[in-house]
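Work out the full structure, taking the sequences as your base and the hints as a guide.
Each protein sequence line maps, in turn, to chains S and C.
The first sequence begins at 7 in the working numbering and counts up by one.
The second sequence begins at 22 in the working numbering and counts up by one.
What the hints contain is simulated information worked out from the structure, not anything from laboratory work.
Honestly, I wouldn't trust all of these hints.
Within a straight-line C-alpha distance of at most 25 angstroms, the following computed PhoX-like cross-link-like pairs (lysine-lysine) qualify [unchecked claim]:
(1) Lys164(S) to Lys137(S)
(2) Lys108(S) to Lys137(S)
(3) Lys108(S) to Lys173(C)
(4) Lys147(C) to Lys173(C)
(5) Lys108(S) to Lys164(S)
(6) Lys147(C) to Lys137(S)
Note that the coordinates shown come from a computational prediction; the quantities given were computed from them, not determined experimentally.
Here are the chains, one letter per residue:
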Amino acid sequence: MTNHPPNGSLLLIHSHYGEPPGLFLLAEERGDAVIVRERDLTPAHFTAARGLITTSHLDQLGFMDHAPELARLMARGGRWFFNGHILRPFLAGLGSYAPIAKARRADLVLTRLNEHPIFAGIDQPSFEENKGVAGFYGRGHNPLPQGALAINGIGPEKQPIDWEWTLPGGGRMFSHAGNDIGGMGGPNPNHALVAPRIIAWTMGEI
Amino acid sequence: MAILAIHPGTYYHIESFESPRYAHYFDRLVRPEALADVALEEFNVVLIPCRTPADRMEPHRAQLRAYLDQGGTIIATGESDSELFLPGITFTPQPTNFWWWLTPGADLGVRISRPEHGLFRHLEQKDVTWHLHGWYDVPAGAEVLAVNESGKPILYIDEVTTGGRMLITSLDPFYHHGSHFMPATTRFLDGFLPFMRQELDKDYSR
Chain S
7 MTNHPPNGSL
17 LLIHSHYGEP
27 PGLFLLAEER
37 GDAVIVRERD
47 LTPAHFTAAR
57 GLITTSHLDQ
67 LGFMDHAPEL
77 ARLMARGGRW
87 FFNGHILRPF
97 LAGLGSYAPI
107 AKARRADLVL
117 TRLNEHPIFA
127 GIDQPSFEEN
137 KGVAGFYGRG
147 HNPLPQGALA
157 INGIGPEKQP
167 IDWEWTLPGG
177 GRMFSHAGND
187 IGGMGGPNPN
197 HALVAPRIIA
207 WTMGEI
Chain C
22 MAILAIHPGT
32 YYHIESFESP
42 RYAHYFDRLV
52 RPEALADVAL
62 EEFNVVLIPC
72 RTPADRMEPH
82 RAQLRAYLDQ
92 GGTIIATGES
102 DSELFLPGIT
112 FTPQPTNFWW
122 WLTPGADLGV
132 RISRPEHGLF
142 RHLEQKDVTW
152 HLHGWYDVPA
162 GAEVLAVNES
172 GKPILYIDEV
182 TTGGRMLITS
192 LDPFYHHGSH
202 FMPATTRFLD
212 GFLPFMRQEL
222 DKDYSR
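Listed below in structure tokens is the structure:
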């Protein structure tokens with residue numbers, strides 16, 4: 007039996023104060039996306055969702071209150087695109103973020119470890135710098151859950167800064183352990199390239 | 022003798038407040054939504070960290086004002102739109118140059134304007150220099166501790182607007198330290214937090 011995501015909305019969790027991120031505004035053009043301030047989240051938002059995207063500004067303490075709804079969404083084949091440093095156990099199997107200590111330039115090299123539709127055709131090292139400065143993409147990794155697939159590695163040890171995980175009970179999570187990716191109009195054009203793919207992946211379309 | 026910190030719950034707040042390096046500087050952590058249940062007057066200092074969503078603080082404006090007027094001290098760091106929930110703040114954002122230091126010999130322009138202030142027994146100019154996010158029109162009588170490249174205040178103490186004391190800055194050390202990104206911000210907190218404990222965490226009277 008395969009886990010076909012049920013029909014549902016794209017839940018975009020807006021955690022910071024101010025305008026929603028460009029990725030969310032792009033997603034909103036689809037018509038099936040819902041931007042919700044994190045403080046206004048209800049269980050019904052999860053019940054109605056097919057997938058969700060969270061940003062690095064996620065209130066992780068508050069989001070833990072939604073862990074049961076999140077688990078149910080995943081169990082029925084939902085998808086979650088996560089940006090940031092995992093410091094709370096939202097799902098069984100997740101570990102805490104591991105930073106690179108005193109990162110130097112060589113510690114911030116990026117390597118494609120396995121192909122993934124979000125990154126297809128993109129030279130991963132071209133994500134390393136914005137205007138000649140490295141580190142914006144990320145500076146550490148969220149530990150690879152058992153059975154997850156590392157997509158991009160960071161540093162000489164190729165620690166899994168990006169991974170995709172098919173949960174034992176169903177559903178998929180993508181973890182990017184850094185600043186939000188898929189921003190629009192920034193100094194690195196790769197972000198605009200991956201933005202529609204992140205949306206499509208979260209909805210189970212790629 | 023006690024310091025209360027508002028805990029908005031992002032990874033950078035968790036890392037800053039809960040990790041061993043600084044956890045002992047915060048006697049109690051409180052979620053913004055739980056503020057109404059806290060007797061603020063029991064604390065000498067209330068700290069509101071960088072990137073606290075203003076709409077989570079706005080409901081507590083009156084409580085914060087009452088705390089100040091009975092002689093409390095509030096510290097608010099940058100990127101929190103503090104003018105929306107604290108009195109007497111007039112803020113003008115400025116574009117952030119993330120790349121200034123790539124130019125050999127470049128100078129962001131931050132200057133300590135009151136080197137005789139006790140804070141600067143703990144901090145040097147390089148410890149307050151990373152990014153500029155904006156400046157303040159401070160009330161007459163406020164004490165300006167640091168300025169930007171145009172001589173505009175970016176760190177000041179206001180003991181005139183209320184019956185208490187506000188230390189306000191547009192610097193965002195908790196965000197960067199908690200992101201493991203920007204050593205100057207860790208140096209800032211290495212100096213600022215001992216200053217907070219030694220100089221501000223005591224009964225305050227004019």
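Right, here's what the structure says about each hint:
{"no.": "1", "hint": "Lys164(S) to Lys137(S)", "verdict": "holds, 23 angstroms"}
{"no.": "2", "hint": "Lys108(S) to Lys137(S)", "verdict": "holds, 21 angstroms"}
{"no.": "3", "hint": "Lys108(S) to Lys173(C)", "verdict": "violated, 32 angstroms"}
{"no.": "4", "hint": "Lys147(C) to Lys173(C)", "verdict": "holds, 18 angstroms"}
{"no.": "5", "hint": "Lys108(S) to Lys164(S)", "verdict": "holds, 16 angstroms"}
{"no.": "6", "hint": "Lys147(C) to Lys137(S)", "verdict": "holds, 23 angstroms"}
Of the hints listed earlier, the one the structure fails to meet is number 3.
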